[in-house]
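A.B. asks: Spelled out, the chains give:
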Amino acid sequence: MRAFRGEPSIYGNSDPERMRAELKVEGLSLAFGGLMALNNVSLEVKTGELLSIIGPNGAGKTSLLNSITGFYHPQRGRIIFNGEDITGLPPHEVTKRGIGRTFQNIELFPGMSVLANVFLGRHLYCRYGFFPASLFLPSIKREEVRHRRVVEEIIDFLEMQPIRKKLVGSLPYGLRKRVELARALALEPKLLILDEPFAGMTLEEKEDMVRFLKEINGRWNQTIILVEHDMAVVMSISERVIVLNFGEKIAEGPPDYVKNHPEVIKAYLGEEG
Amino acid sequence: MSRLMKLDRAYLDKLKEHTIPQILAKQAEVLKDRVAIRKKSLGIWETVTWQEYLSFVRNVSLGLLSLGVERGEHVAIIMDNQPEWLFAELGTQAIGGITINLFTSSIPKELSVHINRFGSTIVFAQDQEQVDKLIEVRDELGDVRKVIYVDPTGMAFYKDPWLLSFRELLEKGKELDRKNPKLFEEELWKGKKDDVNLMIMTSGTTGIPKLAMLTHACFIDMAFKWIDSAPIEVGDNWISITPPAWIVDQMWGIGVSILSGMVMNFVETQETLSEDYREIGPAITITSSRFWEDLASKIRVKMEDSGWLKRKLYDIGLKKGVEVVEMESKGIPVPIHKRFMRTAFQHMVYRPLLDRVGCLQIKQAVTGGHPISPDVIKFFRAIGLNLKHGYGLTEGGGVFQVQPDGEVRPETVGKPLPTTEVRIGEDNEVLVRSPSLFIGYYKDEEATRKALRDGWLHTGDAGHIDEEGHLIIIGRKEEIMRLKGGDAFSPDFIETRLKFSPYIKEAVVFGEGREWVAGLICIDFGNVGSWAEARMIPYTTYTDLSQDPAVEELILSEVRRINNELPKPMRLRKITLLYKMLDADDEELTRTGKVRRKFVQEKYIDIIEAMYGEKKEIQVTGKVQYRDGHVGTITTNVRILDVE
Chain A
1 MRAFRGEPSI YGNSDPERMR AELKVEGLSL AFGGLMALNN VSLEVKTGEL LSIIGPNGAG
61 KTSLLNSITG FYHPQRGRII FNGEDITGLP PHEVTKRGIG RTFQNIELFP GMSVLANVFL
121 GRHLYCRYGF FPASLFLPSI KREEVRHRRV VEEIIDFLEM QPIRKKLVGS LPYGLRKRVE
181 LARALALEPK LLILDEPFAG MTLEEKEDMV RFLKEINGRW NQTIILVEHD MAVVMSISER
241 VIVLNFGEKI AEGPPDYVKN HPEVIKAYLG EEG
Chain B
274 MSRLMKLDRA YLDKLKEHTI PQILAKQAEV LKDRVAIRKK SLGIWETVTW QEYLSFVRNV
334 SLGLLSLGVE RGEHVAIIMD NQPEWLFAEL GTQAIGGITI NLFTSSIPKE LSVHINRFGS
394 TIVFAQDQEQ VDKLIEVRDE LGDVRKVIYV DPTGMAFYKD PWLLSFRELL EKGKELDRKN
454 PKLFEEELWK GKKDDVNLMI MTSGTTGIPK LAMLTHACFI DMAFKWIDSA PIEVGDNWIS
514 ITPPAWIVDQ MWGIGVSILS GMVMNFVETQ ETLSEDYREI GPAITITSSR FWEDLASKIR
574 VKMEDSGWLK RKLYDIGLKK GVEVVEMESK GIPVPIHKRF MRTAFQHMVY RPLLDRVGCL
634 QIKQAVTGGH PISPDVIKFF RAIGLNLKHG YGLTEGGGVF QVQPDGEVRP ETVGKPLPTT
694 EVRIGEDNEV LVRSPSLFIG YYKDEEATRK ALRDGWLHTG DAGHIDEEGH LIIIGRKEEI
754 MRLKGGDAFS PDFIETRLKF SPYIKEAVVF GEGREWVAGL ICIDFGNVGS WAEARMIPYT
814 TYTDLSQDPA VEELILSEVR RINNELPKPM RLRKITLLYK MLDADDEELT RTGKVRRKFV
874 QEKYIDIIEA MYGEKKEIQV TGKVQYRDGH VGTITTNVRI LDVE
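In order, the protein sequences belong to chains A and B. Numbering-wise, the first sequence is residues 1 to 273 according to my numbering. Numbering-wise, the second sequence is residues 274 to 917 according to my numbering.
Next comes chain A alone, as it looks inside the complex:
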């Protein structure tokens, strides 16, 4: 019997290269026709950081994430990840370089089990081809077992054992968000991008999520970019906050600084702050 709880093997590797996530976004601009979604946005993320991006509806938060992960192709600017220019790469290429994400509107397969959905995150690491797999050779069995273990450790860490075999479509919203996080973690990302992981959750679900994020960021040094609406959550877990408004960065700094920034108060938090 192994005492493994709380120590997923995806973080067991002490190689610093595995966790290195240096992201640089320089002068990013994105327009949909005449609408400027992003205007000359620059930001930087260092390894082990938890950076939050906030801003009112339509501020360009999701557009920024989609540009980084290759879903949108910005007209101007560069995105450099670990020294490599990834601007304009398609999403699967971005993923291969170690950027994993979750989606605001939950992009899971509702007709598949939780286990199968999380397994999809391992797709990147499956080295076998179609024919050996159809024969289910011993080497493939071994590889599957290895992947299953990684997936099970994540399920255990996120406390999803009771829903392991349930269909995603039958789960409540808060749990689906957790499945998304699990799938993103199964990718073993260097940089984890979370698009509103707290939206629509009950207080208890939020507390759980905060616990998970604190643990993976604080203990396992996972670099995270978090886009979020819930100010209380953002202020309690971020080291640095960036505020966007109408596609432009209007403030950047530690939570306390941002909270009191006059521009931010005007744009986002209301007159009283």
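It is worth saying that the hints were derived from the structure and are not from the lab. Idealized CB from N, CA, C, for every residue including glycine. Hints are not guaranteed to be accurate.
Only part of the chain B face toward chain A is listed, based on derived beta-carbon distances under 10 Å [unchecked claim]:
id, residue
1, L315
2, G316
3, Q401
4, V410
5, T426
6, A429
7, E541
8, T542
9, Q543
10, T545
11, E548
Starting from the structure of chain A, add chain B where the hints point.
C.D. replies: Only chain B this time, still in chain A's reference frame:
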């Protein structure tokens, strides 16, 4: 190697002279790499062999020694059911320590009170949640030297030297073992079988819980009661689901399983219990009556949702099954065509159904803790589960009274197990004598003198013994109520019948010195909720649902049906549907789930008075205590319902 085997009797008899950890050491030599413990983790059943079991216990013992724990020191354990619980407990006892288990659901204040009363110097805690609670009341825990936590999740941010992880404890143990390889055996064999090894909190339906002191010899005797009377073999499965703070899993975990070589199985999480239960398929199980009541009502509700053919087969099968069970319990020979029908239904209905709920492998299932509705027993026996009544007490060392096979009758709790004597004392009080009896309450000589007189345990239960030697329990002696007209009744008797309705979760009846019986009823939120959904009745919270007129009608019809089965004076005239569930956090239930009648009566006195008055509706304000300790209030109207 064959899967099952019986241990040699002469060898077993020799074990009687040792302590429990000493017996574990002997068993590890005999049973070697057979499975001792299974725990589901990462979706797979992981195993611990008997030798590994001993080596874990050894490392815990030595780890504790390196923390300076001495013989006779008290160690508190706040853990869920899991292998580490057994390692911690036996590891402590192997070096002469005494353990007590607290409920993981306790609030911080409760923990500090119990830890201090017990005088613990070391505390084993499950996880971050328990550690946080202890840190909250740390100022009051001056005697606690170390808190050892099992689950490291979230613990990396705690840099407090007060805390130590279970893994570090094992490491410390291994280190000491390298330095002094003989130390463990020396300490282990200093133990005497009459030493106190464990204290258990009694449920405390009245006043604060008392601490019952049990010795190694109690557990050994209890183990032999079961080995000698039940069909137990090495490798048989036990599934550990009742909280370790309760006597049942203690008598099994450190008693029966160690002596008989049964496998202790631990589920993955509380939420995966029914799935894991099915995968293991235990051979013997002892659970509270609530477990069987819940299971029965779950089966019934599920069957109502199933297709026409299945439902018909189930209905007929159940009817035929109950007929046979009733004939058997009266001793009437069952005619051949009925026996044939039963065999047919066994294949069509009973066995598939039992398989679904994980009970197909059960040789013997015992219900205890609280009287159970005879209908529930009849129900399970009808579908072929060997469910019987048992009777036991923490002070008795566990369950010492079970119905023998072939003599199962719904009203009784059976005959004494080997080495147990039961007789009826004054006021119909049930008295027990057995080597498994506790030796006294911790620091409470007066209570000890009251409970133990001339070697007989005064149980406080009223009962009588029928012509065939079966014990029948009427109820708690102090709880027997008398109506104004002089009719005596046991509230338990009525309440258990009410609770067999799938829609009633909890019921408390009153009537002492009154003209008639009245009751507070808590609806079953799950079942009533699905009932309401199926009828398009909208609701928001428990409070809302409980005061819905349609729900009131539903419960009234249930009460009327049950009233018909009760003797006239015991019938309920008025009921009120309570706006909240009774809860242990609000002190309305004990942590084992028993109603604290006096407390409930005082708390809801307004409602009770209203039931005996003329009012039809009453406004109430109730306090609700949340897990984190803060208190909220509910203000709502409740209606008084006329049953007639």
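A.B. asks: Give a verdict on every hint.
C.D. replies: Do the hints match the structure? See the list:
1. L315: holds, 4 Å
2. G316: With a closest approach of 5 Å, the G316 of chain B hint holds.
3. Q401: holds, 8 Å
4. V410: violated, 21 Å
5. T426: holds, 3 Å
6. A429: Cβ of A429 of chain B sits 4 Å from chain A, so the hint holds.
7. E541: This hint holds: E541 of chain B lies near chain A, its Cβ roughly 5 Å from the closest one there, short of 10 Å.
8. T542: holds, 5 Å
9. Q543: holds, 9 Å
10. T545: Cβ of T545 of chain B sits 5 Å from chain A, so the hint holds.
11. E548: holds, 8 Å
Checked against the numbered hints given earlier, the structure breaks only hint 4 and satisfies all the rest.
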